[in-house]
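Asker: Sequence:
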Amino acid sequence: RADLLDQLVNNAGEVAIYRSRLAQQNTTLEYDLEELEGTVTRLREQLRKLELETETQILSRYETEQNVDFDPLELDRYSTMQELSRALSETVSDLASIGQTLHELSRDTETLLLQHTRVSNELQDGLLRPRMVPFGTRSAHLQRVVRQTGETLGKRAELHIEGDQGEIDRNILERVMGPLEHLLRNAVAHGVESPQARAAAGKPAEGRVDLKVAREGSDVVIAVSDDGAGLDRAAIRRKAIERGLLDPAAEVSDADLDAIILAPGFSTSAEITQVSGRGVGTDVVLNEVKQLGGSLSVASEPGRGATFTIRLPFTLSISEGLLVQQGEDVFAVPHGTVDGVTRVARADLEACYSGQRDGIEYTDTQYRVRYLGSMLGAAAPVLPEGVKWFPVLLVRTGDHRIAVQVDALLGNRQVVVKSLGAQLANIRWFTGATILADGNVALILDINSLVRIDAAQQAAPAPTGAVAEATRAVTVMVVDDSITVRKVTGRLLERHNMQVVTAKDGVDAVARLQELHPDVMLLDIEMPRMDGFELARHMQNTPELSDVPIVMITSRTGDKHRDRALELGVRRYLGKPYQEAELLENIYSVLGERPA
Numbered sequence: 001r002a003d004l005l006d007q008l009v010n011n012a013g014e015v016a017i018y019r020s021r022l023a024q025q026n027t028t029l030e031y032d033l034e035e036l037e038g039t040v041t042r043l044r045e046q047l048r049k050l051e052l053e054t055e056t057q058i059l060s061r062y063e064t065e066q067n068v069d070f071d072p073l074e075l076d077r078y079s080t081m082q083e084l085s086r087a088l089s090e091t092v093s094d095l096a097s098i099g100q101t102l103h104e105l106s107r108d109t110e111t112l113l114l115q116h117t118r119v120s121n122e123l124q125d126g127l128l129r130p131r132m133v134p135f136g137t138r139s140a141h142l143q144r145v146v147r148q149t150g151e152t153l154g155k156r157a158e159l160h161i162e163g164d165q166g167e168i169d170r171n172i173l174e175r176v177m178g179p180l181e182h183l184l185r186n187a188v189a190h191g192v193e194s195p196q197a198r199a200a201a202g203k204p205a206e207g208r209v210d211l212k213v214a215r216e217g218s219d220v221v222i223a224v225s226d227d228g229a230g231l232d233r234a235a236i237r238r239k240a241i242e243r244g245l246l247d248p249a250a251e252v253s254d255a256d257l258d259a260i261i262l263a264p265g266f267s268t269s270a271e272i273t274q275v276s277g278r279g280v281g282t283d284v285v286l287n288e289v290k291q292l293g294g295s296l297s298v299a300s301e302p303g304r305g306a307t308f309t310i311r312l313p314f315t316l317s318i319s320e321g322l323l324v325q326q327g328e329d330v331f332a333v334p335h336g337t338v339d340g341v342t343r344v345a346r347a348d349l350e351a352c353y354s355g356q357r358d359g360i361e362y363t364d365t366q367y368r369v370r371y372l373g374s375m376l377g378a379a380a381p382v383l384p385e386g387v388k389w390f391p392v393l394l395v396r397t398g399d400h401r402i403a404v405q406v407d408a409l410l411g412n413r414q415v416v417v418k419s420l421g422a423q424l425a426n427i428r429w430f431t432g433a434t435i436l437a438d439g440n441v442a443l444i445l446d447i448n449s450l451v452r453i454d455a456a457q458q459a460a461p462a463p464t465g466a467v468a469e470a471t472r473a474v475t476v477m478v479v480d481d482s483i484t485v486r487k488v489t490g491r492l493l494e495r496h497n498m499q500v501v502t503a504k505d506g507v508d509a510v511a512r513l514q515e516l517h518p519d520v521m522l523l524d525i526e527m528p529r530m531d532g533f534e535l536a537r538h539m540q541n542t543p544e545l546s547d548v549p550i551v552m553i554t555s556r557t558g559d560k561h562r563d564r565a566l567e568l569g570v571r572r573y574l575g576k577p578y579q580e581a582e583l584l585e586n587i588y589s590v591l592g593e594r595p596a
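Mapping the sequence shown onto the numbering used here, position 375 (from 1) lands on 375, and the numbers just tick up by one.
Worth double-checking, as some hints may not be accurate.
As the list claims (entries may be wrong) - Cut-off 27 angstroms, straight-line C-alpha distance, at most; resulting in silico cross-link-like pairs (DSS-like, lysine-lysine):
1) Lys49 - Lys504
2) Lys290 - Lys388
3) Lys239 - Lys290
4) Lys49 - Lys388
5) Lys504 - Lys487
6) Lys560 - Lys576
7) Lys504 - Lys576
8) Lys49 - Lys576
Unchecked claim - Here are the simulated distance ranges between beta carbons:
9) Glu174 - Asn11: 45 to 53 angstroms
10) Glu35 - Gln7: 14 to 22 angstroms
11) Leu410 - Lys388: 15 to 23 angstroms
12) Asp164 - Glu242: 35 to 43 angstroms
13) Arg1 - Glu494: 47 to 55 angstroms
14) Gln115 - Gln148: 52 to 60 angstroms
15) Thr342 - Glu104: 53 to 61 angstroms
16) Glu328 - Gly38: 28 to 36 angstroms
17) Arg215 - Gln356: 41 to 49 angstroms
Simulated from the structure, these hints should not be mistaken for laboratory data. What you are looking at is a predicted structure, and each value in this text was computed from that prediction instead of being measured. Just so it is clear, CB atoms sit at the ideal spot from N, CA and C, and this is done for glycine as well.
Sequences are here, hints too, so could you generate the full structure?
Answerer: Laid out in structure tokens, this is it:
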């Protein structure tokens, strides 16, 4: 039964979600095990120093005593401290052994998850295959629609279908039949001319309507075209002005005029009939296609005809998406709606937002820059201080090419599509939702719909200074080999609306500094690979980093270490443990000392 099959497919999707959550938890465990390994290594080094110091003190006392005929062992001079240090060394070895065992278990779990992924994908494919039906099963019905429409209007037209042997999800095929019938009636009613007009234009008396079905990656592309007169742009412009959708003095490109027919309730029909649009317009097609998670584009050439291209997901249950972050929200963007992804320099984005540049250029194509938060009406452009490069999505809808800046890219995911509730169903730019690996919900974003809405609004570039004050949020880099210190300090700073970047030692910090420029750095002294003094010297000798104020937080509170830090340009010197109020006061004070 179809309903039972649908339930099995949904269950397979749930299995995929739980598998993703397990994989993410295993990745987190592996990271924590690496931190444990580093901690054990540091503890072993500290115990070695303790043993050397203890033995040195015992030997020193032995050499100062008069009885030199017996060594400390014979005199039972090894103290309880020495015994404890040896016991701690054995404990550290046990910890290292446990960590190694956990590493092996984590690797075995990862291998099992990979095998589970393969079996799960095969199960999903096997369940989806029975739902696939050839598109050709509806060919006769669509050809009959074209012929009957032509007879009703006194026209001659024939439908030619290409690629009808391709398979498509039964549910998608059933739901897309209504939009396809609508487009085919429109092609005959508005596109194909009368036999007399076609003869005058040197065309065959019988009009031709083409329907092409093709598979592109994880999408199904259906194109409906005709050899008629094309869209009546003069009528579209006149109707748009009448409805207040277009300023009479506005200069609009042909592609923009073509896109107006997708506006809600827009129709150029002089009277309502049972043929073609029946007065409701092409927006009903767009709405139905969008509910299926697809997109609709229009192209027309005067005298040569018009083409409507529908792009749909191969299946409604599972699709590939790109996870993006905007503020605290995570959205999934289907792959088929994005032309590409790139990074843009901070200076280029600032120039675009301030109106100094029209956009960015990528592969010899100009893209107008917009911020995703602004397109959603949620936030002004955010460019955190210290970040040099920002990710953007390259989107094309008709002739509109927009580079959409997002706060972060979270990678590709196989998303299991869930339907939206009644509260969000009417929001045009959301087509569904999915559950992420961490259990949170991400809305599936129709980026093409956002671009069309943005283009229709003719949004002007943000004026100089319109970038939100949040763009100047303080970025603090915490460099410490202790994971506890990094977590506690990071949470403290985030509670005070600061952006936190962490590094586990000097080498890691140098690598992170290649990508961002923090407003202030919190630095420890004793760290493996590169200690705090070496990192401070490196930053002082690097022109791009010499202006970053350093607040050193260390357990070495002696005057010698303090003087050495101040010689290297450290602005503040705090001892561990520190008071939260004291740390915040020092951060704000060094930030206040920066040049305007």
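Asker: Take the hints in turn and mark each one as holding or not.
Answerer: For each hint, the structure was consulted:
As the CA atoms of Lys49 and Lys504 are separated by approximately 22 angstroms, the hinted pair is consistent with the 27 angstroms bound. Taking the CA atoms of Lys290 and Lys388, the gap is about 36 angstroms. The hint is violated against a cut of 27 angstroms. Of the pairs offered as hints, the one joining Lys239 and Lys290 holds, with about 25 angstroms between alpha carbons and a cut-off of 27 angstroms not exceeded. For the suggested pair Lys49 and Lys388, the alpha carbons sit about 42 angstroms apart, so the restraint of at most 27 angstroms is broken.
Between the alpha carbons of Lys504 and Lys487 the distance comes to roughly 11 angstroms, so the proposed pair stays at or under 27 angstroms and holds. About 16 angstroms separates the Cα atoms of Lys560 and Lys576, which keeps this hinted pair within 27 angstroms; it holds. About 17 angstroms separates the Cα atoms of Lys504 and Lys576, which keeps this hinted pair within 27 angstroms; it holds. Distance check on the hinted pair: Lys49 and Lys576 sit about 21 angstroms apart at the alpha-carbon level, within 27 angstroms; holds.
Take Glu174 and Asn11: their Cβ atoms lie about 22 angstroms apart, and the range 45 to 53 angstroms is violated. Distance hint for Glu35 and Gln7: a CB-CB separation of about 43 angstroms, inconsistent with the stated range 14 to 22 angstroms. Taking 15 to 23 angstroms as the suggested C-beta distance range, the pair Leu410 and Lys388 conforms, at roughly 20 angstroms. At about 40 angstroms, the beta-carbon gap between Asp164 and Glu242 stays in the expected band of 35 to 43 angstroms.
Restraint check, Arg1 to Glu494: a C-beta distance of roughly 52 angstroms satisfies the suggested window 47 to 55 angstroms. In this structure, Gln115 and Gln148 meet the distance hint of 52 to 60 angstroms, their C-beta atoms being roughly 55 angstroms apart. In this structure the hint that Thr342 and Glu104 lie 53 to 61 angstroms apart at CB is violated, the actual value being about 40 angstroms. A beta carbon spacing of about 31 angstroms between Glu328 and Gly38 agrees with the range 28 to 36 angstroms that was offered as a hint.
As the Cβ distance of Arg215 to Gln356 is approximately 44 angstroms, the hint placing it in 41 to 49 angstroms holds.
The structure shown violates the earlier hints numbered 2, 4, 9, 10 and 15.
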